[in-house]
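Student: Using the sequences and the hints, build the whole thing.
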Amino acid sequence: MNWDQLELNPRIIVAVKRAKLKSISEVLCVSGSDLQRLTGLSHSDVQHLLTAVSTTCRRHPPTPVILLLHNQESNLKLSLGCRILDQLLRGGLPVVGVTELSGESGAGKTQLALQLCLSVQYPTQYGGLNSETTPLFLSTWSCTGAVYVCTEDLFPIRRLQQLIQEQTNLRTDVPTDIIHSLRFSDSIYIEHAADLESLQVCLSRRIPLLLARGLVRLLIVDSVAALFRSEFQASDWLERNKQMLAFSSALHHLSREFTTPVLCINQVSDVFSGSDDTLGPRSSTVAPALGLAWANQLMVRLMFLRLQRTVARGDQTSAVRRLEVMFAPHLAREGQDAGIWREGVQGVYRKR
Numbered sequence: 294m295n296w297d298q299l300e301l302n303p304r305i306i307v308a309v310k311r312a313k314l315k316s317i318s319e320v321l322c323v324s325g326s327d328l329q330r331l332t333g334l335s336h337s338d339v340q341h342l343l344t345a346v347s348t349t350c351r352r353h354p355p356t357p358v359i360l361l362l363h364n365q366e367s368n369l370k371l372s373l374g375c376r377i378l379d380q381l382l383r384g385g386l387p388v389v390g391v392t393e394l395s396g397e398s399g400a401g402k403t404q405l406a407l408q409l410c411l412s413v414q415y416p417t418q419y420g421g422l423n424s425e426t427t428p429l430f431l432s433t434w435s436c437t438g439a440v441y442v443c444t445e446d447l448f449p450i451r452r453l454q455q456l457i458q459e460q461t462n463l464r465t466d467v468p469t470d471i472i473h474s475l476r477f478s479d480s481i482y483i484e485h486a487a488d489l490e491s492l493q494v495c496l497s498r499r500i501p502l503l504l505a506r507g508l509v510r511l512l513i514v515d516s517v518a519a520l521f522r523s524e525f526q527a528s529d530w531l532e533r534n535k536q537m538l539a540f541s542s543a544l545h546h547l548s549r550e551f552t553t554p555v556l557c558i559n560q561v562s563d564v565f566s567g568s569d570d571t572l573g574p575r576s577s578t579v580a581p582a583l584g585l586a587w588a589n590q591l592m593v594r595l596m597f598l599r600l601q602r603t604v605a606r607g608d609q610t611s612a613v614r615r616l617e618v619m620f621a622p623h624l625a626r627e628g629q630d631a632g633i634w635r636e637g638v639q640g641v642y643r644k645r
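Each number in our numbering comes from the position in the sequence shown (counting from 1) with 293 added on.
In short, the hints are calculated from the structure, not lab data. Each hint should be verified, as a subset may be incorrect.
What the hints assert, rightly or not - Straight-line distance between alpha carbons at most 20 Å, and here's what the computed SDA-like set of lysine to any residue pairs gives: (1) Lys535 to Thr349; (2) Lys315 to Asn302; (3) Lys535 to Glu490; (4) Lys313 to Pro303.
Said to hold, decoys possible - Computed spacing ranges between beta-carbons, pair by pair: (5) Gln340 to Ala539: 22 to 30 Å; (6) Gln493 to Asp297: 28 to 36 Å; (7) Arg311 to Ala505: 40 to 48 Å.
Think of the CB as a built atom: it goes at the ideal place given N, C-alpha and C, for glycine as much as any other residue.
Tutor: In structure tokens form, the structure reads like this:
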């Protein structure tokens with residue numbers, strides 16, 4: 294990298310070279326405080342440096358807000374399949390950007406992800422992202438679906454089949470003839486990525502092809518932390534951050550290019566008592582994994598918590614879950630209780 298080509302004070306360039314930072318990616322993978330320590334620059338100088346290097350690698354020019362407001366496609370939301378949970382998210386997941394759903398094992402993250410794989414196949418008037426209309430001469434029709442990338446466990450096909458069978462009970466807002474016309478399982482594409490290399494191949498070759506052909510309109514990665522935790526040691530933090538930045542860049546590119554929501558399932562880490570950690574919910578002792586480097590790549594961060602209480606409905610009981618908004622540009626930091634039933638994840642109201 295020829296640092297002299299950037300519009301920077303020569304003093305900053307000398308400090309960067311002295312710190313042996315050889316590329317833009319190395320600068321962007323280091324936090325502001327670490328850059329200050331490595332280069333000896335002031336806070337304002339570091340900000341000038343970050344602005345200059347980020348501008349050089351921007352693929353697309355900034356989009357004015359007024360254009361986004363007039364772009365009806367980017368204003369769509371993908372429904373979670375539950376009116377109560379959709380109210381928390383003001384309609385559902387935004388169709389442009391990366392959303393993270395984190396939580397402990399057994400909290401219900403995968404359950405909600407499967408529900409979204411079905412929800413995306415409904416017409417837009419019912420919270421899905423399928424703009425096609427049902428032909429009058431066909432009893433069933435193909436529609437836009439989802440691609441589900443598994444990095445840890447096998448895809449839960451049995452639970453998916455149960456959710457499909459229970460769609461008429463979950464989606465009472467949708468006419469039954471529309472539900473029966475959808476071939477849900479035919480429109481869900483499953484990928485398994487055991488390492489970062491296979492994940493990169495998946496993101497750069499197969500998934501863009503599905504998106505370009507209009508076969509899918511939702512990308513889910515379950516889970517994002519598994520590969521980065523298993524392939525890197527603590528001392529490899531710089532290389533891990535580089536790979537993480539490349540991964541998030543690929544996700545944002547696909548989301549923006551095809552107006553497709555991206556959902557990343559994430560694991561959690563314990564938070565030591567007394568630490569000032571704002572990455573997780575204030576009522577929990579855990580925080581999403583992968584730290585600030587990953588958090589800065591997200592547009593929306595959600596967390597699913599499993600509480601000690603239970604709730605009953607008919608012949609079913611469920612441990613109470615709580616879906617909490619950690620941060621989002623358009624949402625307040627609030628939460629909503631939910632339960633997991635045979636038909637899927639649904640919000641529940643607390644008894645007063």
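Student: Now tell me if each hint is right for this structure.
Tutor: A quick look at each hint next to the structure:
1. Taking the CA atoms of Lys535 and Thr349, the gap is about 17 Å. The hint holds against a cut of 20 Å.
2. Restraint check: the Cα-Cα separation between Lys315 and Asn302 comes to about 17 Å, which is no more than 20 Å; the hinted pair holds.
3. At most 20 Å may separate the alpha-carbon atoms for a hinted pair to count; Lys535 and Glu490 meet this at roughly 14 Å.
4. The suggested pairing of Lys313 with Pro303 holds, with an alpha-carbon distance near 15 Å, which does not exceed 20 Å.
5. Gln340 and Ala539 have their C-beta atoms about 24 Å apart, which keeps the hinted 22 to 30 Å range intact.
6. Taking 28 to 36 Å as the suggested C-beta distance range, the pair Gln493 and Asp297 conforms, at roughly 32 Å.
7. The hinted window of 40 to 48 Å between Arg311 and Ala505 holds, with their beta carbons roughly 46 Å apart.
In summary, the structure agrees with every hint in the numbered list given earlier.
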